[in-house]
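Residue numbers (our numbering), protein chains in the order written: chain A, 2 to 320; chain B, 2 to 320.
None of these hints come from the bench; they were simulated from the model. Treat the hints with care, as some may be off.
Where chains are identical, the list cannot tell them apart; a pair therefore holds if satisfied intra-copy or between any two copies.
Derived SDA-like pairs (lysine to any residue); straight-line CA-CA distance at most 20 angstroms [unchecked claim]:
id : residue 1 : residue 2
1  : Lys54     : Phe148
2  : Lys176    : Arg42
3  : Lys288    : Glu262
4  : Lys98     : Gly123
5  : Lys288    : Glu265
6  : Lys288    : Leu258
Protein chains: 2
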Amino acid sequence: MEQRILAYFEQRPNEYVSGEQLSELLECSRTAVWKHIRSLRERGYTFEAVPRKGYRLIGVPDRLNAAELLAALRTRSMGRSIKLFDAVESTQTIAHKLAEQGAAEGTLVLAEQQTAGRGRMGRRWHSPKGKGVWMSLVLRPQIPIHFTPQLTLLVAVALCRTVRKLGPDVPVAIKWPNDLLVEGKKISGILLESNAEDERLRYVIAGVGVSVNLEKDDYPDELRSVATSLRIASGREWSRAELIRTFLEQFEALYELYHAEGFEPIRSAWEAQTISIGRPIRARTPKGDVEGVAESIDEMGALLVRQPDGAIVKLYSAE
Amino acid sequence: MEQRILAYFEQRPNEYVSGEQLSELLECSRTAVWKHIRSLRERGYTFEAVPRKGYRLIGVPDRLNAAELLAALRTRSMGRSIKLFDAVESTQTIAHKLAEQGAAEGTLVLAEQQTAGRGRMGRRWHSPKGKGVWMSLVLRPQIPIHFTPQLTLLVAVALCRTVRKLGPDVPVAIKWPNDLLVEGKKISGILLESNAEDERLRYVIAGVGVSVNLEKDDYPDELRSVATSLRIASGREWSRAELIRTFLEQFEALYELYHAEGFEPIRSAWEAQTISIGRPIRARTPKGDVEGVAESIDEMGALLVRQPDGAIVKLYSAE
Numbered sequence: 002m003e004q005r006i007l008a009y010f011e012q013r014p015n016e017y018v019s020g021e022q023l024s025e026l027l028e029c030s031r032t033a034v035w036k037h038i039r040s041l042r043e044r045g046y047t048f049e050a051v052p053r054k055g056y057r058l059i060g061v062p063d064r065l066n067a068a069e070l071l072a073a074l075r076t077r078s079m080g081r082s083i084k085l086f087d088a089v090e091s092t093q094t095i096a097h098k099l100a101e102q103g104a105a106e107g108t109l110v111l112a113e114q115q116t117a118g119r120g121r122m123g124r125r126w127h128s129p130k131g132k133g134v135w136m137s138l139v140l141r142p143q144i145p146i147h148f149t150p151q152l153t154l155l156v157a158v159a160l161c162r163t164v165r166k167l168g169p170d171v172p173v174a175i176k177w178p179n180d181l182l183v184e185g186k187k188i189s190g191i192l193l194e195s196n197a198e199d200e201r202l203r204y205v206i207a208g209v210g211v212s213v214n215l216e217k218d219d220y221p222d223e224l225r226s227v228a229t230s231l232r233i234a235s236g237r238e239w240s241r242a243e244l245i246r247t248f249l250e251q252f253e254a255l256y257e258l259y260h261a262e263g264f265e266p267i268r269s270a271w272e273a274q275t276i277s278i279g280r281p282i283r284a285r286t287p288k289g290d291v292e293g294v295a296e297s298i299d300e301m302g303a304l305l306v307r308q309p310d311g312a313i314v315k316l317y318s319a320e
Numbered sequence: 002m003e004q005r006i007l008a009y010f011e012q013r014p015n016e017y018v019s020g021e022q023l024s025e026l027l028e029c030s031r032t033a034v035w036k037h038i039r040s041l042r043e044r045g046y047t048f049e050a051v052p053r054k055g056y057r058l059i060g061v062p063d064r065l066n067a068a069e070l071l072a073a074l075r076t077r078s079m080g081r082s083i084k085l086f087d088a089v090e091s092t093q094t095i096a097h098k099l100a101e102q103g104a105a106e107g108t109l110v111l112a113e114q115q116t117a118g119r120g121r122m123g124r125r126w127h128s129p130k131g132k133g134v135w136m137s138l139v140l141r142p143q144i145p146i147h148f149t150p151q152l153t154l155l156v157a158v159a160l161c162r163t164v165r166k167l168g169p170d171v172p173v174a175i176k177w178p179n180d181l182l183v184e185g186k187k188i189s190g191i192l193l194e195s196n197a198e199d200e201r202l203r204y205v206i207a208g209v210g211v212s213v214n215l216e217k218d219d220y221p222d223e224l225r226s227v228a229t230s231l232r233i234a235s236g237r238e239w240s241r242a243e244l245i246r247t248f249l250e251q252f253e254a255l256y257e258l259y260h261a262e263g264f265e266p267i268r269s270a271w272e273a274q275t276i277s278i279g280r281p282i283r284a285r286t287p288k289g290d291v292e293g294v295a296e297s298i299d300e301m302g303a304l305l306v307r308q309p310d311g312a313i314v315k316l317y318s319a320e
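Okay, chain A solo, but in the shape it has when bound (with noise of 0.2 angstroms):
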C-alpha cells in the first residue's frame, strides 16, 4: 500500500496530491490514507501537507540500496560482494563470520546501523542509523603478519583522499595512526582485524565508521567535544552511496599499488597528509609511557618519536 503511495507521488514530482485522491486510488478512507502518510514520516519520508491543497513529497530517506551502489562502482574486487543490513549489532561480527565461510576478497558488510559497534581498544563506536557509513571490507593481503600497520595506514589514506575528493572544502587530516580530524575533531574511525595462521594473514577486516550526516543532537554528550560529522564540518548534507563508492575506488588503488610497489609510496602519501608528524606526542605503551616528537613513519609502518634526550623510539599503532 506504502509502495503504491510513493510510486504515485513520484509520477506527480512537486505536485499536491488531496487525500480524496488518495482515498480513490487505493479505496480506502481518508483516515487510513493519514495513517500510511504517518507511518511513511516514520521510515524518514517527508511530506508538506497544506489544507485544501493536499499532500506534497518533499524529502525523501537517504537509504543505502546494494543494487545501486553496484551499478556504480568501478572496482575489479572491492564491494564486487556487498551485504547490506538494517540493523546488525556490528558489521565487523559479520565480516568475520563471513570471512571464516571463505567470503571473497573485497566482500562488503554495511549497515544502516550498528547497536554495538566497536571501536579500537575494546571502546564502542557510536553509529546512528541512516546517519553515517558504517562498513567493514573483508580483505585477504599476501603479506606476512608483521605487515599489518602498514595496512592500517593504507586504509586511513584511502578515507582521507575519499573525503578530500568529495568535499575539497572540509580541512580534513590523518591523526596518527588512523583517525581522521576536522578541526581537531574526529569524524572517522578504522579497526583493523586480523587473524593468521603462523605469520600468513588468513584475512583482515577493515572496518570503517564514518559519521557523515550526524547533527549535533545525534551525539551523547560525551561526545559531543570530540567528534564531529561531515555535514557539521561543511554545513550540508553528503551522499552516503558516493561516500562508498568514492572509498572503495580510492581504496582498490592504494592496495593495488602497495601489492605492486610495496609500502613507500603509502608511507609517503600518509605523511602528506597527517598532522602527526612534527608534533608533540605522548603515547602510553607496554613498556612505559613516551613523549618527544613524531619524526616520521619507519618502513614496518611504525612511528618513530624522537625523545628529548635525542633516542628514538619506535611506536605502533596499538599503543
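Guided by the hints, dock chain B onto chain A, whose structure is given.
Quick look at chain B alone, frame taken from chain A:
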C-alpha cells in the same frame, strides 16, 4: 556394571577371575559377562583369557585425567585450567571459542582424539585416539603482532626440551621453523593461530600435536615414510601425562624468560637445537622460490638465507 568388573580385577592384580565368579558378582548370565569384557576391550582394556582359569587384566588404556594432570603440575598459569575431551573435531577450534569468551592465559584444551585435526597451511593432522598429545593452549602475550614469529620458535624450543628431558635417548632436533624430527621423520607439529586488533594481539592459540605412542600401523600409508612417533623412535611406551606436564613447565619457563629478557635467549636456544642452520634450504615464497644456505635467525624470528650470489634473504615461517 563395567566399573564394578574393573574394580574387581583391580583388587586382584595378576589373578585369573573366572566367568562364573563374574556372573555371580554381577548377578547376570555368562553371555552378559562376555559382552561386558568385549566392551571393555573396545575401550582399550586388555584381558588375557585362559580356558578353565578365566580372565586376567593385563593392560589398562592410557587415558588422560584432568584432575591427575593438575595435581602434579608445577606451573603458575600454563594448564591451570584444563578442558579434556574424548573426541573433538579440532582442539584449536575449541580453544578459539574459549579465548573469544575470555578464557584466561594458559587455558589448555586436550583431546584423546581429533576427527579433523588441523596442521599448518590448511593441512590435516592425523590424531588417532589415545595415541598422542593433541592440545591447544590459550595465550595472551603482551607483544605486538609482528613478534609472533618469535613465539612460533619459542613453542618449538619448549617441545624439543620436553622430549630431550623425557627421552635423552631420542635424537630429536628442530627443523625450521617448528617441526621436531627424529632421524629425518616428523614426530610433532606446531600451529600458532592468532587474532589481533590493529597490531595488538588479542590472543594466540598454540596448537601442539605430538605423535607419542603411535605404532607403524597407526599411520595411513602416505604418512609412513615421513612421520614417526616417540614410541617407534625409542622402542618403549611414553606417558602422555608426563609429556604434557613437562611441556607446560618448560613452556612457562621460556615464556616468562621471553617476556622478561626478550627474544635473544629464545633465539640462542632455538639455534642450539636445530638441524636447519648451515644446511641448504629451498623454499617457496610469494615472491618466487628461494634457494641457499640457512645462516641464522634474526632478531624478529626470520631465517636468514644466503643465496648463491651472496645476497641474504629473510624467510618467515609461513613461507
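### Task
Pop the pair Lys288 and Glu262 into one bin, within, between, both or neither, using alpha-carbon distances up to 20 angstroms.
between (34 angstroms within a copy, 12 angstroms between copies)
### Query
Is it within, between, both, or neither for Lys288 and Glu265, if the alpha carbons may be no more than 20 angstroms apart?
This pair counts as between: shortest inter-copy Cα distance 17 angstroms, intra-copy 29 angstroms.
### Message
Regarding Lys98 and Gly123, is the shortest C-alpha distance of 20 angstroms or less found within a copy, between copies, in both, or in neither?
### Response
For Lys98 and Gly123, the Cα distance is within 20 angstroms both inside one copy (19 angstroms) and across copies (18 angstroms).
### Query
Should Lys54 paired with Phe148 be assigned to within, between, both, or neither, using CA atoms and 20 angstroms as the limit?
Neither: 64 angstroms inside a chain and 71 angstroms across chains, both beyond 20 angstroms.
### Query
With identical chains treated as interchangeable, where does the CA-CA distance between Lys176 and Arg42 reach 20 angstroms or less: within a copy, between copies, both, or neither?
Answer is neither: 39 angstroms inside a copy and 68 angstroms across each miss the 20 angstroms cutoff.
### Message
At most 20 angstroms between alpha carbons: which applies to Lys288 and Leu258, within, between, both or neither?
### Response
Result: close only across copies, 16 angstroms inter versus 35 angstroms intra.
Violation of the numbered hints given earlier is confined to hints 1, 2; the remaining hints are satisfied by the structure.
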